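For the record, the sequence lines run as chains A and B.
Just so it is clear: in the first sequence, position 214 is 214 by the UniProt record's numbering, and no numbers are missing.
Just so it is clear: in the second sequence, position 187 is 187 by the UniProt record's numbering, and no numbers are missing.
Keep in mind the hints are simulated off the structure, nothing from the lab.
Remember, predicted model here, so these are calculated numbers, not experimental data.
Every residue gets a Cβ at the ideal spot worked out from N, C-alpha and C, and that includes glycine.
It is possible that part of the hints are untrue.
DEER-style ranges, computed between Cβ atoms [what the hints assert, rightly or not]:
| hint | chain 1 | residue 1 | chain 2 | residue 2 | range |
| --- | --- | --- | --- | --- | --- |
| 1 | A | 31 | B | 165 | 17 to 25 Å |
| 2 | B | 64 | A | 262 | 38 to 46 Å |
| 3 | B | 66 | A | 19 | 25 to 33 Å |
| 4 | A | 15 | B | 297 | 50 to 58 Å |
| 5 | A | 77 | B | 120 | 33 to 41 Å |
Short derived list, chain B residues pointing at chain A, Cβ under 8 Å [what the hints assert, rightly or not]:
| hint | residue |
| --- | --- |
| 6 | 19 |
| 7 | 50 |
| 8 | 299 |
What follows is the residue order along each chain.
2 protein chains.
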Amino acid sequence: MPQNTNTFPVSTSASEIEPFRVMKILGEAKKLQQAGHDIIHMEIGEPDFPSPPCVHEAAMQAAEQGLTHYTASMGLPELRQALSDFYREFYGADVEAQRIVVTPGSSCALQLALSAILDQDDRVLMADPTYPCNRQFVKLLNAEPLLVKVDHHSRYQLNLQILRDNWQQGIKAVMVASPANPTGTLIEQDELLKMAQFLAQQNAYLIVDEIYQGLVYQRPAESVLAQEDLPNNVVVINSFSKFFGMTGWRLGWCVAPPHLIDILDRLAQNLYLSAPTPSQYGALAILKKANLTELERRRKIFEQRRDRLYDAMQNAGFRLKLLPQGAFYLYWDISEWSKDSEAFCRELLLNTGVALTPGTDFSPGQGCQHVRLAYTTDENRLVEAVDRIAAYLQTKTTT
Amino acid sequence: MPQNTNTFPVSTSASEIEPFRVMKILGEAKKLQQAGHDIIHMEIGEPDFPSPPCVHEAAMQAAEQGLTHYTASMGLPELRQALSDFYREFYGADVEAQRIVVTPGSSCALQLALSAILDQDDRVLMADPTYPCNRQFVKLLNAEPLLVKVDHHSRYQLNLQILRDNWQQGIKAVMVASPANPTGTLIEQDELLKMAQFLAQQNAYLIVDEIYQGLVYQRPAESVLAQEDLPNNVVVINSFSKFFGMTGWRLGWCVAPPHLIDILDRLAQNLYLSAPTPSQYGALAILKKANLTELERRRKIFEQRRDRLYDAMQNAGFRLKLLPQGAFYLYWDISEWSKDSEAFCRELLLNTGVALTPGTDFSPGQGCQHVRLAYTTDENRLVEAVDRIAAYLQTKTTT
Ligand SMILES: Cc1ncc(COP(=O)(O)O)c(C=O)c1O
Ligand SMILES: Cc1ncc(COP(=O)(O)O)c(C=O)c1O
Chain A
1 MPQNTNTFPV STSASEIEPF RVMKILGEAK KLQQAGHDII HMEIGEPDFP
51 SPPCVHEAAM QAAEQGLTHY TASMGLPELR QALSDFYREF YGADVEAQRI
101 VVTPGSSCAL QLALSAILDQ DDRVLMADPT YPCNRQFVKL LNAEPLLVKV
151 DHHSRYQLNL QILRDNWQQG IKAVMVASPA NPTGTLIEQD ELLKMAQFLA
201 QQNAYLIVDE IYQGLVYQRP AESVLAQEDL PNNVVVINSF SKFFGMTGWR
251 LGWCVAPPHL IDILDRLAQN LYLSAPTPSQ YGALAILKKA NLTELERRRK
301 IFEQRRDRLY DAMQNAGFRL KLLPQGAFYL YWDISEWSKD SEAFCRELLL
351 NTGVALTPGT DFSPGQGCQH VRLAYTTDEN RLVEAVDRIA AYLQTKTTT
Chain B
1 MPQNTNTFPV STSASEIEPF RVMKILGEAK KLQQAGHDII HMEIGEPDFP
51 SPPCVHEAAM QAAEQGLTHY TASMGLPELR QALSDFYREF YGADVEAQRI
101 VVTPGSSCAL QLALSAILDQ DDRVLMADPT YPCNRQFVKL LNAEPLLVKV
151 DHHSRYQLNL QILRDNWQQG IKAVMVASPA NPTGTLIEQD ELLKMAQFLA
201 QQNAYLIVDE IYQGLVYQRP AESVLAQEDL PNNVVVINSF SKFFGMTGWR
251 LGWCVAPPHL IDILDRLAQN LYLSAPTPSQ YGALAILKKA NLTELERRRK
301 IFEQRRDRLY DAMQNAGFRL KLLPQGAFYL YWDISEWSKD SEAFCRELLL
351 NTGVALTPGT DFSPGQGCQH VRLAYTTDEN RLVEAVDRIA AYLQTKTTT
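Using the sequences and the hints given, assemble the complete structure.
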């Protein structure tokens, strides 16, 4: 088809949406790899493990029985019930199945929840650094993200005091993640409860992203839903992507207060009809107790990797400001080496073959002096990566 | 968790989103079925066939090889290439793989395309009746759907003349579907080209939903992308749901002009990360020539059903205004019997066990006097449904 060369007007708000800088690094890393270079991938935010076999076995079995049609828009009733049971058994949380909405990835859960809450020009408070899509979801609804710079003193998290100090008119919701991406840090449950109560007084919502739930180390996994007297303004986002290792299956969920369920259902019916059916049957299998042992084994591997990587960094003289309790990330302040994390990541990739994520993906404010290390590769490779980086930065200082 | 009974403010625009009326009918139909009634389902807009076995076999094989991670946000390169080849081979259309964005269902393709084009307060012209989600996608972006009533004189479709007659300031896009839901009618390719050219002069886009492509009868399937001199303002939406029978796998795509691709990619990265990986491998299999024969067999079954159902309706004295050329729907003007299609559908369900979709899902203007019949069930059951309806309406007239 001979293309007409006219271009037509595009959406101003969509044009402003930032790309993932990590995709550029990933692209360059792949090219180098194809050219024969030995690349250590620490840029990608997903488990290196494939999904456990019980997932595709169950998906296949369902498909063989002809279960390949749309499901109910809020998800298979038996999956919503299984999640409700899971909350009771593992978190001591009493969450009715009717409050659980199964979504295509937690990405859609985030979009659904924000769409149900926000009108245009509403404001949403979130930490800087934060998961990059959150800002964009808010902007796409013509609402306004308010970023509050946080640092290691609050473990890169919001807390009640920070909410109070930064409160302003028009804030309809606050978004937090625990454990968080890119920092791996938690918010303690009693703090979350206090934040929810404060927000309830302000008639605002607390959106708690628990998608790295289960991936916590040296302490039990928790859910804010287990808190007694939680006000009706808390929406919890979760996913089968990370702890359950099912990224490519695109399945998540959200738990919402009863008064939002009907709106969430209508949004789901219109925005995406239903979550992938094979994935839902796969998820039913992975929630079975016997199949969780593999996930616990993987969790332990992540814990070991965290410890090895953290130690290697400290030993190399790259002092990290804290040891994160969860997820699979370390957040590294590189200001000693560079004030341009994108250039720094490119430089490291070219000179050491180590691929990291520039902090600018997560933080407009201070991202230029941070990078994220994902321990989503073998322990020994992680240590080798630090050795390579250390050797390279050494040559730089001495020249 | 004792629920606090406070409710918190919800989004005004989201509250206005209409539910699918068909879900209510579906729920009632299922209840009656469980109570032992013999229900004929003609309300559901998806093929009754499960996805062909090659789909889950390929998905399973990929999963066994560990291919369960996120894919590139625009889709597996080999799937984009396979779609490009498909366009060349079956439609004689030259569509570069780089212009194809694989999405989680065409639902997300619609959302992506509209998000890339629209700013708030922009207007989008569409036919009344139309696929219900289109209005809602537009509203969620704080843009305004403009519905233009169409009837059998234009085969329930927009055309160049209707565009001219209804043109007004601020229209950024026109949405059409060919074949359409709920009417099953087509727009001829030369008309589509003229519409695209007219819109190009107005600096506006034409979004062509081809998701029922392949499901056309007594004529070859076509794509607007095969038109020469197509201006750069045409976005095509498509899906593996209907012709390919993969509804539950949630996989679709869009073909966009080059200047939109980068924005679509950034939107995809933020809105949903990537389409389901097993579904993408499944789709790769179904696009293989050998596997298309099963789809052709199914297409012929739909064609027979259309003819049987249409004849049965005519014979029963339910004169339909036209014989649709595609999809799997008939659109029936019931004004002779009722001016309240929702009540009419409920009444039919209770008295005859036949479940239909009220036109109000598709048309705020004239939906109250139309219903949609989906021929997504066995031929003989379709004829029985008409017999039951005829017998029931007979008793009504005579009493
Ligand atoms: C904090 C956080 N929330 C949500 C998501 C979205 O994940 P998914 O859509 O796979 O559930 C991610 C993915 O990296 C994340 O890091
Ligand atoms: C005209 C039309 N477009 C788009 C869709 C969305 O389908 P999917 O998201 O399964 O591709 C449908 C579903 O019924 C439809 O009828």
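Q. Using the C-beta atoms of residue 31 of chain A and residue 165 of chain B, is the stated range 17 to 25 Å upheld?
A. 53 Å, violated
Q.
Quick check on the hint: residue 19 of chain B CB to chain A CB, less than 8 Å?
A. Constraint on residue 19 of chain B satisfied, holds at 5 Å.
Q. Is the distance from the Cβ of residue 77 of chain A to the Cβ of residue 120 of chain B consistent with 33 to 41 Å?
A. 37 Å, holds
Q. At the C-beta level, are residue 64 of chain B and residue 262 of chain A separated by a distance inside 38 to 46 Å?
A. 41 Å, holds
Q. Would the stated hint for residue 299 of chain B survive a check requiring a Cβ distance to chain A of less than 8 Å?
A. 18 Å, violated
Q) residue 66 of chain B and residue 19 of chain A, beta-carbon distance inside 25 to 33 Å? A) Taking Cβ atoms as reference, residue 66 of chain B and residue 19 of chain A lie about 28 Å apart, which means the hint holds.
Q. Hint check: is the beta carbon of residue 50 of chain B less than 8 Å from a beta carbon of chain A?
A. Holds. Min distance 4 Å.
Q.
A range of 50 to 58 Å was offered for this pair. Does it hold for the Cβ distance of residue 15 of chain A and residue 297 of chain B?
A. Since the Cβ atoms of residue 15 of chain A and residue 297 of chain B sit about 46 Å apart, the hinted range of 50 to 58 Å is violated.
This entry does not satisfy hints 1, 4, 8, going by the numbered hints stated previously.
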